[in-house]
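Chemist: Protein sequences appear in the order of chains D and V.
Under the numbering used here, the residue at position 6 of the first sequence is numbered 6, and the numbers go up by one with no gaps.
Under the numbering used here, the residue at position 296 of the second sequence is numbered 296, and the numbers go up by one with no gaps.
Be aware that a few hints might be false.
To be verified - Computed spacing ranges between beta-carbons, pair by pair:
1) D:Q54 x V:E97: 15 to 23 Å
2) V:P250 x D:K2: 50 to 58 Å
3) D:A36 x V:P250: 36 to 44 Å
4) D:E49 x V:A119: 41 to 49 Å
5) D:Q54 x V:C27: 55 to 63 Å
As the list claims (entries may be wrong) - Computed footprint of chain V on chain D, listed as stretches where at least three residues anywhere in the stretch have a Cβ under 8 Å from a Cβ of chain V:
6) 1-15
7) 23-32
8) 37-45
Stated by the list, open to error - Cut-off 25 Å, straight-line C-alpha distance, at most; resulting in silico cross-link-like pairs (SDA-like, lysine to any residue):
9) D:K2 x V:D164
10) D:K2 x V:D210
11) D:K2 x V:L258
12) V:K128 x D:E5
Note that these hints are calculated values from the structure, not bench results.
This structure is a prediction, so every number in the text was calculated from the model and none was measured.
For every residue, glycine included, the Cβ atom is placed at its ideal position computed from N, Cα and C.
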Amino acid sequence: MKFEEAIGRLEAIVQRLEAGGDDLESQLRLFEEGVALSRSCEEILAQAEGRIEQLLGDATGDVPADLTGEEPPL
Amino acid sequence: MEILSVGDVARILTNVLEAEPRLRLVCVRGELGSVKAHPSGHFYFTLKDDSAQIRGVMFRSRFRNVAFSPKDGDMVLVTGQVAFYQAGGQVQIYAEELEQLGLGAQLLRLKELKARLEAEGLFNPERKRPLPLLPRKVGIVTSSSGAALRDIMQIARRRHPGQDLVLAPARVQGQGAAGEIVRALTGLEGCAGVDVIILGRGGGSQEDLDAFNDEALVRAVAGCRVPVVAAVGHETDFTLVDFAADQRAPTPSAAAELVVPVQREIAYRLWELRQRLGQGLRRAGERRRDRLMALMLRGPMRRPQELLMRRRERLQASARLLGHLGRGGALRRQARLQAAQGRLGGLDPRGPLRRGYAMVTKDGQAVALTGALAPGDRIDVHFADGQASALVDQVETGRKPGEV
């Protein structure tokens with residue numbers, strides 16, 4: 001599942017729980033689904049490693065060394 | 001026929017042209033070409049349209065007043081006089097004024113292409129796709145040596161250090177640049193995980209940005225599988241790629257800001273949603289409890305023991321009543337019994353014996369009166385607990401029966 005799908009569904013679940021109106025069993029199911037979604041969102045967020053790949057090449061060659069793997073100046 | 005010198009012909013030509021009133025003061029619209037600003041300060045040019053061209057010159061004294069820097073391709077309006085330049089053997093315009101009309105041929109072609117692609121719907125707003133909230137990988141098409149790449153990567157790193165990037169370098173100006181950019185775009189499209197592409201370059205002259213007006217490239221951008229953010233040149237530069245892209249950023253840095261989320265913000269949003277998720281369930285439980293409480297506080301549910309008490313009271317009342325009735329009957333029966341027993345006790349001959357009386361018998365017969373006795377009679381005196389035998393000594397009669 002893509003991140004925005006997951007977080008979008010999570011938001012919908014939260015709003016539905018906040019609105020109330022479902023029976024207890026449905027609410028528990030929604031809650032469990034929400035927990036699972038938030039977990040997979042966390043995982044997606046944590047998965048990003050800050051890798052820099054290069055595709056193809058151009059006439060001027062590789063990525064300049066000062067752009068790879070260096071901490072950004074803050 | 002008269003034989004003329006070259007100068008004669010030139011003079012005739014000059015006279016003819018001067019005699020034509022429409023050529024004395026002309027206002028000509030055309031495209032500039034072969035422009036040459038001579039060191040002397042004079043400005044030479046060719047004025048042309050699709051069918052013809054004419055030479056022109058603007059002298060220093062006049063050219064000083066021209067507000068813009070005319071260059072090839074500019075559409076201009078030239079005001080001046082058409083005359084024959086005898087030394088050069090050319091008819092030319094002696095320009096007094098030079099005004100820019102804005103669009104040169106190249107710009108006109110661009111306009112025409114834009115109108116055509118627009119008519120095809122390539123720039124329609126409904127074609128624009130939203131950018132992903134958290135792209136798995138951000139594709140970048142730009143020159144690997146340009147400042148644009150440095151800017152994009154710095155911004156990306158600052159916003160989300162974990163953001164994965166895929167570079168597809170391409171020359172962004174000059175011959176063949178458009179083709180390279182198309183190849184880079186296509187390559188990124190086929191790269192798994194690339195959810196959005198930044199296509200950018202720094203600012204430059206109109207010609208430098210020309211590749212971004214290439215029809216094939218514009219089509220590639222419009223047809224790209226993933227959203228494309230165009231960041232070509234500076235804020236004031238516009239290219240057709242800007243129109244075809246899903247979003248336009250004024251600069252490459254701005255494109256990175258559009259595309260790369262601030263990781264902390266995303267994390268915070270998630271955290272907030274998790275909080276609300278838990279609270280939502282808790283509140284759902286609380287709402288249930290509240291409803292239950294409201295019900296419990298109402299009427300009979302409020303103090304069930306009261307209900308029980310009332311019942312018990314009623315029960316006890318009934319029981320008392322029943323008890324009264326029961327006990328009353330028993331008492332009466334007991335009283336009756338005792339009365340009967342009393343009466344019965346009165347009839348017991350031994351009763352009086354217990355109170356101190358004694359009973360006399362003679363020959364087994366109860367002696368009630370003295371008349372039955374004579375001195376010398378043997379009698380039995382009966383007590384409550386036994387009897388005694390006695391001999392009658394003397395009999396006296398005188399008391400009425402019942403007198404003690």
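Chemist: Each hint needs a verdict: does it hold in this structure or not?
Modeler: Here is what the structure says about each hint:
1. D:Q54 x V:E97: 15 to 23 Å: violated (55 Å)
2. V:P250 x D:K2: 50 to 58 Å: Distance hint for P250 (chain V), K2 (chain D) is violated at roughly 28 Å.
3. D:A36 x V:P250: 36 to 44 Å: Check passed, 40 Å falls within 36 to 44 Å.
4. D:E49 x V:A119: 41 to 49 Å: holds (45 Å)
5. D:Q54 x V:C27: 55 to 63 Å: Given about 57 Å between the Cβ atoms, the range holds.
6. 1-15: Coverage by chain V holds for the region 1-15 of chain D (8 residues, Cβ < 8 Å).
7. 23-32: Three-residue rule met by the region 23-32 of chain D, so holds; n is 4.
8. 37-45: holds (count 5)
9. D:K2 x V:D164: This hinted pair holds, its Cα atoms lying about 15 Å apart.
10. D:K2 x V:D210: violated (37 Å)
11. D:K2 x V:L258: With Cα atoms ~19 Å apart, K2 (chain D) and L258 (chain V) stay inside 25 Å; holds.
12. V:K128 x D:E5: Within the cut-off at roughly 19 Å; holds.
In this structure, the earlier hints numbered 1, 2, 10 are contradicted, and the remaining ones agree with it.
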